[in-house]
Amino acid sequence: MKRGPPEARRAPAAPESTPSGISTDSILESISDGVFTVDRAWRVTSFNRAAEEITGIAREDALGRRCSDVFRASMCESECALRHTLDTGVPVVNHTAFIVDAAGRRIPVSVSTAILRDADGAVVGGAETFRDLSQIEELRKEVLDRREVGDIVARSDAMRRILALLPRAAESGSTILLLGETGTGKGLVARALHDLSPRREGPFVTVNCGALPDTLLESELFGYKAGAFTGAAKDKAGRFAIARGGTLFLDEIGEVTPALQVRLLRVLEEKVYEPLGATRSEESDVRVVAATNRDLAAEVSAGRFRRDLYWRIRVMEIPLPPLRERPEDIPPLVERFIARLNVLKGGRVEGVTPEAMAVLTAHDFPGNARELLNAIEHAFVLIGKGPIGPEHLPRELLPAAARPRRPVNLREAVSEFERRAILEALRRRRGSRAAAARDLGLHKSTLFRKAKSLGLALPEEDGRARREGPDRPKGD
Amino acid sequence: MRTALTIWDGRISPVFDVCREALILDVAGGRVVSATQESLESPTPFGKVERLAALGVDTLVCGAVSEPLRRALLACGIRVHGFMAGEIHEVVRVIASGALPDPSFAMPGCRGRQMRRRGGRGQGRGFGGRGRGGRDERS
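Chains S and A, in that order, give the protein sequences.
Read left to right, the first sequence gives residues 101 to 576 (our numbering).
Read left to right, the second sequence gives residues -4 to 134 (our numbering).
Source of the hints: derived by calculation from the structure; they are not laboratory data.
Check the hints yourself; a few may be wrong.
[Said to hold, decoys possible] A few chain A residues that don't get close to chain S, going by computed Cβ distances all over 10 angstroms:
no. : residue
1   : 8
2   : 21
3   : 34
4   : 37
5   : 51
6   : 61
7   : 65
8   : 72
9   : 76
[As the list claims (entries may be wrong)] Heads up, incomplete: computed chain S residues facing chain A, CB under 8 angstroms, no partners named:
no. : residue
10  : 172
11  : 174
12  : 406
Cβ coordinates follow ideal geometry from the N, Cα and C atoms, glycine included.
Could you build the full structure based on these sequences and the hints that come with them?
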């Protein structure tokens, strides 16, 4: 294909120098913002190092090409910032857009523009600077903990079928029952159902029914009036009230006691409930999405879950497959977890080696995506940068033959057990020795001695040590 | 064969996700037997996919396309020939001959894309990184 006139493909003119003698090119090469310039025919005439890194396009490939084919931004077609600046003379500052890289990833960027003039003041083109906002976007999403449909990893046919089902299920407004093991993404799907539903502008409220004792769960769900019980000094709105106009996600509904099941059935059937101590009913205006990792049909047969409530909540049932049944979702999940942890922990992990990926895809992950995340986090603590190899993954993921230091007698078996218990406690407590010792029922000086005898290097007290981190055994 | 070509300013539209128009070409016997211009304006990017499916398109030639949309297109049975750039009349000439744009039409940085796609995973680079070639498996 045509690549533009030869003059547009030649290297940029000799670099200019600042008054201090530093060349402009040197400055452009050193900054972290991408910068490119174009001539009046929209051909790229310069492309700095950061531009190469952000777009993934080598300078020699970019020079002389149409800027829209190089930059591939969402704004190119309808609201090109450079065209606006060249037409009006007004610079654009920090306009946000996304670009699409060669791997099909949308990279959020902020764009600014300026006019380029020659020595006589004539316009010879424009300059565009752009900043990669991926990390900021990751942080923002992490902070807000907002999950969208696009956050559900669905490379497998099984998950793609579920994704295809969601818009219609969301639109229906019916009560939906999500079934799946722990860590299969029931919360993500519930959030997606809300985001796709006509109630998306309303609140999305989650209640973990298994995390609260029955009496507390009742007041949490329905609220109470002042004086309803000792200590109830003023009215408290329940989750049904807080979720008004939105979606109430009842996680672990299989844990609800029979007494509370009766109250839930009433609110689902009659759309009314009474806060504790109230004399009047209140109207419920929520869409309920429920989830459980139990076999609710079996619970019904065993008499532990009300049949009428079961039929009421499973107007539509969406079973979520465990990760072991969709191994093709593991690589994109790993990619997502690494990107997220790089942002949260300030790491520079580049991915996993093919060998480590083979280990991950061979594991059956009884804890599903949550266990996978833990495995990646474990590796982060060990390396912090570079690719993750099999040796950085938790030992239980490795095939038995590949596990190092297999115990051969009782004493070694006990030592191995202690070693794993300490590492797990440190990992769970993010490297805090004091907290890990508490979990293990030890004084921290005992933990220190024990770890030393087992050849484990402990982190600094504040848990921030990474390279010499909490579960990095000496000599590994 | 019915081929859609996303267009803008006389060229392939740079980003499918936000494109607004497509040229729908019916090719038979080495020539274009019909060519119509269709709007792909839609409130959501997935609306463009549904529109192309409704138009009975078999193959899409487009510029950059994000992965979720590429998957959606494939799920609708539309073959995707993405990350292409060039003048419309040149691309139409190639399509009329019964072929698809070759790598010389590839967008900058995407020339090896087709080969990598068939090369499978890995290639010693690992998975999940942000570097070039980090995600290279495609259907």
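Which of the listed hints are not met by the structure? Hints 1, 6, 7 and 12 are the ones this structure does not satisfy, whereas the remaining hints hold.
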